[in-house]
Amino acid sequence: MGNPPPPSSSDPAAPSTALPTPRALLASAATWSRSLLSAARRSPVATLAGAFFLLALIMYGEDVRTIAELSIDDYLYPDAELYNVSGLPPLQLPPPTCDLHRGRWVFDNTSLPAYREKECTFLTKQVTCLKNGRPDDLWQYWKWQPSNCSLPTFDARRFMEAMRGKRLLFVGDSLNRNQWESLVCLVQPVLSKGRKKIVKRGSLTVFHAKEYRATLEFYWAPFLVESNSDNPKIHSIDHRIIRPERIEGHAKYWKDADYLIFNTYIWWMNTADMKVRRPDSRYWSEHDEVPRIEAYGRVFKTWSAWLEENVDPAKTSVFFMTISPLHISPDKWGNPNGIRCVKETLPYLNYTEPLDLNHDMRMFDLVAKVAGSMKRVPVTLIDITKMSDYRKDAHTSLYSIRQGKLLTPKQKADPEKFADCIHWCLPGVPDVWNQILYTRILSKSSAALPPPALPPL
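Start counting the sequence shown at 281; every next residue gets the next number (the numbering used here).
If you're looking for bench data, these hints aren't it; they were derived computationally from the structure.
Everything numeric in this text was worked out from a predicted model, so none of it was measured.
All residues carry an ideal CB built from backbone N, CA and C; glycine is no exception.
Misleading hints may appear alongside valid ones.
[What the hints assert, rightly or not] Below, simulated SDA-like cross-link-like pairs (lysine to any residue); rule was C-alpha separation at most 20 Å, straight line:
1) K685 to K666
2) K535 to K473
3) K623 to R493
4) K623 to K555
5) K555 to N590
6) K697 to P610
7) K423 to K724
8) K473 to S454
9) K724 to S454
10) K405 to K690
11) K595 to K697
12) K655 to N550
13) K666 to R578
14) K513 to I681
15) K473 to R444
16) K685 to S454
17) K513 to T404
[Unchecked claim] Quick list of the computed label-pair ranges, beta carbon to beta carbon:
18) D568 to R384: 39 to 47 Å
19) Q683 to Y563: 23 to 31 Å
20) Q691 to L629: 25 to 33 Å
21) R475 to N617: 50 to 58 Å
22) P559 to G413: 43 to 51 Å
23) R526 to T632: 28 to 36 Å
24) K473 to Q425: 33 to 41 Å
25) D560 to K473: 22 to 30 Å
26) S427 to K692: 16 to 24 Å
27) R481 to E399: 38 to 46 Å
28) D518 to K685: 42 to 50 Å
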């Protein structure tokens, strides 16, 4: 994660030379560049080498700049001081027998939201509903209360201590990115200004918490395996085709993560059958169509085999997020005149009648079965489905983007086509998903201390 901080000048073992300033480092770079140009004038080979260097700098300038910044930071600045977790009140974790996924939503405008939209500069336009013109804000003030226990409040400092020197990686589709953005916003208030940065490179987006030498990352792989939709910017493809037995092109970026959080569902729901590229084919056009659940099973056979062969369970914890619902059938919640999730401002609060949103529960059950049958690498299922089913009010709806741009008045006038009832406003529901993830991670972490012993009667 980088070099250790330099010894203090008061340390007798420290060298007497002062640390170079950023200006001095830039001056050295300028001197080196002038030397390169001078050599180029004398040698055609040097000219060619210089041209390649400049081309690489243009193509990968952001990456080069980021590597330089992170390296200089590691050299010039100390890590965050160890947070005295032991000095905090013991973290009251729910008992392992408590089902965190069964409960109800409770209005709370005192402790929520966990952060303010305008204060988290890392949010993308897709999820900043207030900034995008949403007139109400009640969706932010609902907390999840499990039926038989309590969910601990997300403590960013305690969480970052658990993340110190570690790598947490979300893998999946835009809903996992939604959750990743939420987590970044939950932790960023405790990180020093100038010591946090997002770097994007291909399918991988990395949030650097520099003083903790930790990263919170998102990797775009909407089907987990390789597909023709793997470009993170250009994936609006009419005919989605997967390669169920090919995962290494993605998975090579997942190795050595300390926490892996997967999801895949919504991209499977366009058609009942999936297009599957033939194993030995040369082109995407060479494919067959198979039932959705069959293709899903093949993908999870490949995924689970990769985990068993490549993940060290002593180092890496693996989680899987279940189905995140889309709310497009208002008659299901008693609003037959409604249009998708538009103008919904309250959760569905009738807990006595099940809310059936037509999920393909075969896929839910398949993942649960695969997770339960893992032999070497445990997979923790985080069931967000039923709790999120109630939240018809919390989607981005008409206050989001389409192809990178905010909806126009003309598009807003056609909510049946343009309302986004898949993704979630932030702050919002994904914060609760992360609260459960936080609880599960700290249950495995030394940062979670046992509750104090009760005095004898």
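*Report the numbers of all earlier hints that the structure fails to satisfy, in ascending order.*
Failing hints, ascending: 1, 2, 3, 4, 5, 7, 8, 9, 11, 12, 13, 23, 25, 26, 27 and 28.
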